[in-house]
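Peer 1: What follows is each chain in one-letter form.
2 protein chains.
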Amino acid sequence: MTRFGIVGGGLMGHGIAVALAQAGHRVKVYDAEPATLAALDERVLRALERCGMPPDDMRTVRARITSAPTLSDLSRDVDVVIEAVPERLDVKREVLEALEARIPAVMPVWSTTSVLSLTEVAKGMRCPQRLVGVHWWNPPYVIPLVEVAPGAETDRRFVQEACDMVNGMGKTTVRLHRDVPGFIGNRLQFALVREALHLLEQEVCDPVTIDTVMRASLGLRWSAVGPMENADFIGLDLTRNILASLAPHLSAELTFPALDTLLSAGQRGRVSGGGLLAWPAGREEEVAQRLDSGIRRHLVEP
Amino acid sequence: MTRFGIVGGGLMGHGIAVALAQAGHRVKVYDAEPATLAALDERVLRALERCGMPPDDMRTVRARITSAPTLSDLSRDVDVVIEAVPERLDVKREVLEALEARIPAVMPVWSTTSVLSLTEVAKGMRCPQRLVGVHWWNPPYVIPLVEVAPGAETDRRFVQEACDMVNGMGKTTVRLHRDVPGFIGNRLQFALVREALHLLEQEVCDPVTIDTVMRASLGLRWSAVGPMENADFIGLDLTRNILASLAPHLSAELTFPALDTLLSAGQRGRVSGGGLLAWPAGREEEVAQRLDSGIRRHLVEP
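So the protein lines, in turn, are chains A and B. Heads up: the first sequence is residues 239 to 540, going by our numbering. Heads up: the second sequence is residues 239 to 540, going by our numbering.
Among the clues, some could well be false.
[Said to hold, decoys possible] On the chain A side, residues computed to face chain B include the following (Cβ under 7 Å):
id, residue
1, Met407
2, Thr410
3, Gly420
4, Cys443
5, Asp449
[Claimed, not checked] Quick look at which bits of chain A chain B covers, simulated, 3 or more residues with Cβ under 8 Å:
id, region
6, 376-388
7, 412-418
8, 459-465
9, 479-491
10, 498-511
11, 514-521
12, 528-536
Simulated from the structure, these hints should not be mistaken for laboratory data. Just so you know, these numbers come straight off a predicted model, no measurement behind them. Ideal placement from N, C-alpha and C gives every residue a C-beta, glycine not left out.
Input sequences plus hints: build the corresponding full structure.
Peer 2: Below is the structure:
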């Protein structure tokens with residue numbers, strides 16, 4: 239049993255808390271926003287319900303997660319601290335500075351960033367060698383993957399320790415040789431999203447069609463056979479020929495007018511009731527349940 | 239019941255034959271390569287075995303697929319012809335010319351191309367208005383998705399008819415507003431593969447790690463929730479911020495040195511016993527079974 243302190247009780251922070259508590263660890267959560275902290279217990283409960291856990295187990299797991307009223311409370315009697323605050327360099331640096339003032343110099347610090355450069359995040363830290371990028375996927379208590387990466391100054395022992403701890407929770411850990419913005423998963427994800435937006439801008443199809451294609455072919459295939467194994471399967475000569483022929487047509491854009499147009503019109507997605515798709519009442523819950531049940535079904539051995 | 243004639247008995251051609259026969263249609267297959275044609279019945283049988291079909295049904299479905307010794311035999315007593323020959327413009331054009339000399343002017347012609355421009359493929363056809371891009375995903379008797387696209391001169395009635403027929407087989411059809419190289423699925427796929435190769439070239443990780451990331455997170459997520467729905471879910475403002483921050487780092491390459499290096503060393507993938515990954519004996523069969531069982535498990539309603 240390890241004692242974790244998580245700074246940030248949002249989607250990622252409370253999700254990681256649930257994943258850690260399910261694996262038997264104790265977790266304290268702090269958030270600078272009192273409303274977020276006040277909602278923690280309710281959000282944890284909903285997450286555990288989504289896991290379909292029996293009531294007795296649910297009580298046990300829930301009792302392992304407590305909220306810390308201040309950063310000083312969070313930093314007391316913990317073994318590892320995790321920053322799970324929004325993806326802004328200034329916010330993350332400020333939190334890390336405040337944390338380092340309160341914890342021993344040898345305590346591991348994990349960052350949930352995958353979009354910012356971990357090396358940049360670590361700049362200004364008293365002990366940057368203990369900062370490890372530990373990037374969970376949403377929801378962390380459902381998705382198996384955790385990406386672990388070092389910053390330029392990270393001590394490899396902290397990286398190995400993080401991998402061992404996360405693997406010990408039954409997660410699937412991958413280790414990056416070095417820190418790059420987006421790690422592996424988000425680079426792959428947003429390379430695809432960039433091309434999807436390109437197809438919308440070229441009026442080849444609408445957003446619903448993109449999702450249909452992904453759900454009825456590529457998602458299904460990639461959950462069973464990865465793209466590298468598939469490239470070998472069809473042959474690397476064919477793969478190279480297809481790439482050489484398609485690459486000049488693929489997006490290399492740095493701006494995203496399809497998103498800008500929607501955002502200018504106040505269409506921000508789920509929270510505004512509409513974005514690329516319509517978001518009538520009930521869709522949010524339906525999507526969350528579809529994600530959980532779809533993934534669980536796939537993870538069950540036949 | 240519709241009578242189909244397929245030119246090309248390779249991976250795609252015999253796979254489509256099985257998908258059509260399963261849906262109750264009659265299929266003739268012709269291949270210019272006698273060895274491919276001779277292997278047809280054996281390949282069909284293996285495909286049906288992979289479907290886990292009861293022996294009686296298997297015999298019924300198998301009897302609906304026959305081989306045609308010549309292109310003239312193929313063209314007789316069919317309602318729709320499908321070209322499923324290799325992705326080379328000259329090969330496809332030659333086959334279409336030979337087909338058109340043998341079939342009535344009103345008969346629909348479907349092309350399996352998704353990488354070549356359909357408009358280019360149609361150039362030189364006597365009746366280009368009947369050529370429809372009908373792109374199946376491998377294996378066609380397992381993957382639900384079929385992409386349907388018009389060339390610049392295609393008559394929309396032929397497109398609608400193709401959609402109706404494929405939907406009638408229980409497939410998930412998407413229709414492109416216009417023909418673009420790679421259609422939707424292969425553009426999305428190879429945008430991601432391009433970035434995966436970029437990560438290898440930057441020595442961020444090895445090929446196995448790419449596949450682990452895809453199978454343990456993105457593939458699982460995308461088979462349940464598409465990337466457009468996910469962008470709305472996390473918020474389009476966040477999506478735009480992440481894209482703007484990652485895009486300058488994402489691959490916009492037109493050359494693929496990681497593949498060139500392997501190919502120069504004779505590492506062509508599965509067929510040469512090694513490529514991005516090692517291919518010891520038995521891996522080919524294991525991958526095919528993993529793909530089928532993974533997808534079937536996901537398609538079953540909970």
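Peer 1: If a hint holds in the structure, say so; if it does not, say that too.
Peer 2: The hints, checked one at a time:
Contact between Met407/A and chain B, as hinted, is not supported at the beta carbon level, the nearest pair being about 14 Å apart and thus beyond 7 Å. With a cut of 7 Å, the hint placing Thr410/A at the interface with chain B holds, because the nearest CB-to-CB distance is about 4 Å. Residue-level restraint check for Gly420/A holds (minimum Cβ-Cβ distance to chain B is 5 Å; threshold 7 Å). Checking Cys443/A against chain B: minimum C-beta separation of about 6 Å stays under 7 Å; hint holds.
Interface hint status for Asp449/A: upheld, as the beta-carbon distance to the closest one in chain B is roughly 3 Å, under 7 Å. For the region 376-388 of chain A, the stated coverage by chain B holds: 4 residues have a C-beta nearer than 8 Å to a C-beta of that chain, and at least 3 were required. Residues of the region 412-418 of chain A lying with their CB closer than 8 Å to a CB of chain B number 6, which satisfies the three-residue condition for coverage. Figure legend: the region 459-465 of chain A, annotated as covered by chain B; annotation consistent (7 residues with Cβ-Cβ distances under 8 Å, at least 3 required).
Coverage of a stretch by a chain is defined here by at least three residues with a beta carbon nearer than 8 Å to that chain's beta carbons; for the region 479-491 of chain A and chain B the count is 13, and the condition holds. Residues of the region 498-511 of chain A with a Cβ under 8 Å from some Cβ of chain B number 8, which satisfies the need for three, so the listed coverage holds. Chain B is given as covering the region 514-521 of chain A, and this holds because 3 residues of the stretch bring a CB closer than 8 Å to a CB of that chain, at least three being needed. Three residues within the 8 Å Cβ limit are the bar, and the region 528-536 of chain A against chain B gives 7, so the coverage statement holds.
Checked against the numbered hints given earlier, this structure breaks only hint 1.
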